[in-house]
Amino acid sequence: MKLRTVTEGKGTQIVLIAIALAFLAFFVLLPLISVFSEALKAGIGGFVAAIETPDALSAIKLTLLIAAISVPLNVVFGIAASWAITKYSFPGKSLLITLIDLPFSVSPVVSGLIFVLLFGANGLFGGWLAAHDLKIIFAVPGIVLATVFITFPFVARELIPLMMEQGKDDEEAALSLGANGWQTFWHVTLPNIRWGLLYGVLLCNARAMGEFGAVSVVSGHIRGETNTMPLHVEILYNEYDFVGAFAVASLLAGLALVTLVAKSVLEWRFDLHSGARH
Amino acid sequence: MSTQYPSPKARARSWRKPSVLPGFALTFGTTIGWLTLIVLIPIATIFLKAAGLGWQQFLEVGFSSRALAAYRLSFGTAAAAGLVNAVFGLLVAWVLVRYAFPGKQIVSALVDLPFALPTAVAGIALTALYSPNGWIGQVLEPLGIKVAFTPLGITIALVFIGLPFVVRSVEPVLADLGRDVEEAAATLGANRSQTFSRVIFPAIAPALLTGFAMAFARGVGEYGSVIFISGNMPGRTEIAPLLIVTQLEQYAYAGATAIAVVMMLVSFGILLAINALQAAGRRRMGA
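Line by line, the protein sequences are chains X and L. The first sequence stops at residue 278 when you use full-length UniProt numbering, and every number in between is there. The second sequence stops at residue 287 when you use full-length UniProt numbering, and every number in between is there.
Keep in mind the hints are simulated off the structure, nothing from the lab. Yeah, the Cβ is synthetic: ideal placement off N, Cα and C, and Gly gets one too. Hints should not be assumed to be uniformly reliable.
[What the hints assert, rightly or not] To give an idea of the chain L side of the interface with chain X (calculated C-beta under 7 Å), a few residues: (1) T27; (2) F47; (3) V84; (4) A116; (5) A128; (6) S131; (7) F149; (8) V262; (9) V266.
[Stated by the list, open to error] The calculated DMTMM-like cross-link candidates involving lysine to aspartate or glutamate, where the alpha carbons are at most 20 Å apart (straight line), are: (10) L:K104 <-> X:D241; (11) L:K17 <-> X:D241; (12) X:K10 <-> L:E60; (13) X:K41 <-> X:D241; (14) X:K10 <-> L:E182.
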């Protein structure tokens, strides 16, 4: 390059890089390190003992169950929504996209509150539910509902830009060669979008397992029954069982790290754009 | 096997352009149905509930002195954290896009950690760091700087939460920015800081503002990472989302609803502003 003047001098570069790295180390890396360091304060034995309590194990099971229900629901929705939005043209499309994004702009606590207002004891359907001996709030269905609401946009918003870019030529070719709609979807569309879909699923899953505010409002914090991992972290922390709290927290931090590594690999290998907005 | 070409008549719906691709009814129906059930009806409920309160009661519980203090704290700390992130997020994005250094990809992945780390985990980690006997707290304590259980602590938690929004908004715009305009500016005699303030900054300003607005909106509603470090003293370090939870625990549904509606209206206002900004940005870039 001839025009070396169009960048900063080496010294300026090093100073800027140093400030940026120091900021990240201080605000992002240090909290992450402290999770693991606090978790191992009582040694490996203390860590394992904290994880092996029945309450912690049941919280882990519940968290896995919640993710196993809500992520597939949002995958089906995300694929349907992005197919409808990217393969056809109809009026009101940008309004539809805005509405799909709506849960991102609602505070997690408010997301929980709206389901309490619907299904809680004093809620709109509270009386009817009680009469039929059904429980949504302070039970697993409420946690699933709140989690589905919170993670609603994740898959759709990864797929919509991707499928928009890919257009519909491949699908039209498949159809004209005699494939039916489902065959076109399974053999043409799905292979085209699989890495973007995986990316969306990763982010959706991380949020589903880690959600705190919304779940906290609807769960009722019943130990061994409606306590997810993040809620269990809070309970242990408030009881000054710091090793226990950080032990469970370190499992969640481990999940976050796995998510980040998988996400980076997808980005580097398949040149997916990092989702700028969640 | 028969082809699935729909007859032209069946496809002649006036409100959308015809398409040879099947599945419109299925996918559009699923989308609208699921959206209505999971998102629209629940959100409508809270506005209905708020409308049922009547103006008098809505203003009374939605704008009580305790609620006002909570809004001030939530909006104030979110704005402060957004500003910090606007400055340092821009710097991080700049360094990631423009400079080469070892470990860059790891640094880039680290930027996303606040998206991936559950908020409660971030909350207890930050509290452990900044409490008076924590790694950072014990350094700041002798200097008379209190972080945990003060608005400063809340701001730090929101800086953590908001950082990726700014970096990931600015990064693609910065990467797409043609170097030719900078070369032209340099050729015409501009020095580096003039080029930055007159050429580069105006081009990335919409993205930076979008990132700030998203970090701000997220910060206003943030709960998990804040409640541990904030100390939760009513009127002093009680954020608005926590006040909603407190009201709910006391079965004060009217109060919880009114505060939630005020927060949602502000959030939706910000969302609309972001969309308008992005539309303006697209027009500017000629796309």
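| query | Tell me, which hint numbers fail for this structure? | reply | Hint check: 2, 3, 6, 7, 8, 9, 10, 11 and 12 fail, others pass.
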